[in-house]
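Q: Single-letter residue listing:
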Amino acid sequence: MFYRETGQFKTNYADDMALLPILQDRIGLGIILFVAYVIIPFFGNDFLLSTVMIPFLVFSLAAIGLNILTGFTGLISLGTGAFMGVGAYACYKVSSTFPDLNILFCIVFSGVFSALVGVLFGLPSLRIKGFYLAVATLAAQFFLQWCFVRIPWLYNYNVSGAIEVSQRSIFGVIVTGAKATPESRYIVMLVLVTLMTWVAANVLSGRIGRAFMAVRDMDIAAELMGIDLLKTKLLAFAFSSFYAGVAGAAMMFIWVGGGEANDSFNINQSFLILFMVIIGGLGSLLGAFLGAAFISSLPTILKFGLPAIGIPLAGATAEHLTYILVGGLILFFLIVEPHGLARLWQIGKQKLRMWPFPY
Amino acid sequence: MDILFKILIDPFLQMGSAPDLLVQTIWEGFVTGVLYALIALGFVLIFKASGVFNFAQGIMVVFAGLTLVGLYEMGLPAPIALIVTLLVMYVLAVTIERVVLRPLVNQPDIILFMATFGITYFLIGLGEFIFGGNPKQMISEQLYLPKGSLEFKMLGGFVQLQKIDIAAAVIAMIMIIALALFFQYTRIGRALRAVADSHKAALSVGISLNQIWVIVWFAAGIVALVTGIMWGARSDVSFGLQVIALKALPVLILGGFTSVPGAIIGGLIIGIGEKLGEFYWGPLVGGGIESWLAYCIALFFLLFRPQGLFGDKIIERI
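Those protein sequences? They're chains A and B, same order as listed.
Under my numbering, the first residue of the first sequence carries the number 1230, and numbering increases by one thereafter.
Under my numbering, the first residue of the second sequence carries the number 29, and numbering increases by one thereafter.
Bear in mind the hints are in silico, worked out from the structure with no lab data behind them.
Glycine included, C-beta positions come from ideal geometry on N, C-alpha and C.
It is possible that some hints are incorrect.
Stated by the list, open to error - Derived DEER-like restraints, expressed as beta-carbon distance ranges: (1) 1407(A) to 271(B): 44 to 50 Å; (2) 1561(A) to 342(B): 51 to 57 Å; (3) 131(B) to 1398(A): 33 to 39 Å; (4) 1442(A) to 221(B): 35 to 41 Å; (5) 225(B) to 1238(A): 53 to 59 Å; (6) 1407(A) to 316(B): 30 to 36 Å; (7) 229(B) to 1238(A): 49 to 55 Å; (8) 1442(A) to 228(B): 26 to 32 Å; (9) 1388(A) to 41(B): 34 to 40 Å; (10) 1584(A) to 228(B): 49 to 55 Å.
Stated by the list, open to error - Looking from chain A toward chain B, a few residues come up when the C-beta cut is under 8 Å (computed): (11) 1349; (12) 1353; (13) 1357; (14) 1360; (15) 1365; (16) 1401; (17) 1445; (18) 1449; (19) 1451; (20) 1504; (21) 1507; (22) 1549; (23) 1563; (24) 1564.
Start from the sequences and build out the full structure, keeping to the hints where you can.
A: Given below as structure tokens:
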């Protein structure tokens, strides 16, 4: 009833290939964008913007990146954290070497470095598959993390080894550094995420995306059909690492605002992003957002939710409970819906289409 | 030229000039390798029988060790604490099978892999909740583990062997042999091998998969307990130990996910290679290469054998 596509005819090829072929989807997206661009910045407080929304946007970018690799191309990677780190350090190097460059350009450009590193570590994927590959990508994780500590050139020979974020502005509005307001940082992040999601959605629904999915479903069959495995797999690694790199750069420059970077890009970060992708739903852009929203807001929810239901937040106990709860929730979600939150939305859509009739 | 000399020739000169140090390093690598192999063994047991890539093996090691020490601290005598810990591992195996594996039967591998992550987090929280997050001393004396060290005079120097390391190697060997015999000659062992070969065929001759999974997870739990005791006696029992699970992963891909001998030989290669690399080549790049060297060794081998040294040959059909 609410979600019926009846009467919406596709009269030309452009309609047929549209990203959102159904009117209701377009309206829904419009509402989401309106809320994100207008309502949240104007009515949300600083807490909502800087502790909830900005981390969510950063993580959704990283989750899109990993989803391209794991969900669409079927290559499991446990090195996302390190690729994010490459982005962050590249952004730091670029922005400190060329101080006049627009910071937004620096952030996006740092993704290119990350993509190059990703291609390098993607090379084993041609010969190694499945979990063997997953473990092989751990080599990237540990090696790159080691580089972040041991190569002082990467952090400009700082004594502290930390990334320092200088103050930068776009069109006269300060967006990075200590003086940037949460609103401006949020808007920059939002623009970045919107543009990159739009690009990803288009690429993934086009020839390249279909090649990815063919490789995921069966790489030998894909090769027989004329898909160049070397090119496709490396492209997936490049594409995915690009997103991860941009996410890492944005994380350091827009969200955290510098500091000891090595810890932010450790193996736990990689696992966290893999969680997001799987809990959100493999092979779905919407899933990347849902997963990122769930996992990134979980610490905040537990931090403020536990005292609300009467469990005092006294140091160690709460931390242990958080672990138990996170573990339990992951298991719960996997058991209830192994295909992720995106599948729940699919089911919901079907229900809305039929409503008020059961079938 | 200088750098080439430092990489290619100098380390070997060092080895030649101080053979006792070389032996000492290899021995240390060997013991670490044995412990890696034990963790990898837990992985392999579970992977063979249920196809689950069990990331939780590392935390099971910590959890088993913690339970043992925690029970002892609560006043149980050491042998009883050991038995109760075994019971706890059994309950854990049953619970995991009932709560996690059974509802997730037939799901893609990566989902099960993620589920073991959930287990990992859960066990970290639970362990800290019950026993506290502080490192604990392993009760090695009460378990009659030897202390102190032996010194050998050889090759113009001294080689020092910790008795606990020798004990670790011996116990690991005994356990591996016992497992091999169990697999080879008992009814349950035969059933386990059948399940490892083919789930469907095993089901069709009346082997209960659920039962087998409990047994396998319990066996992995026992292996974890032994590893926990050994590793805990060498350093102490803390949650930092779960990092060694990550060290066991290159061992796995090197040896092959499905091969018990692979896990052992892979563990030794990684253990010795890592220590030698760290000791002789590490200083060239500022040290700390232990964290990734193992992965590079494993990757190098994988380039030639994508299924690991002893893994089942990967046959792909369309």
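Q: Check the structure against each numbered hint from earlier and tell me which ones fail, lowest number first.
A: 1, 2, 3, 10, 11, 16, 17, 19
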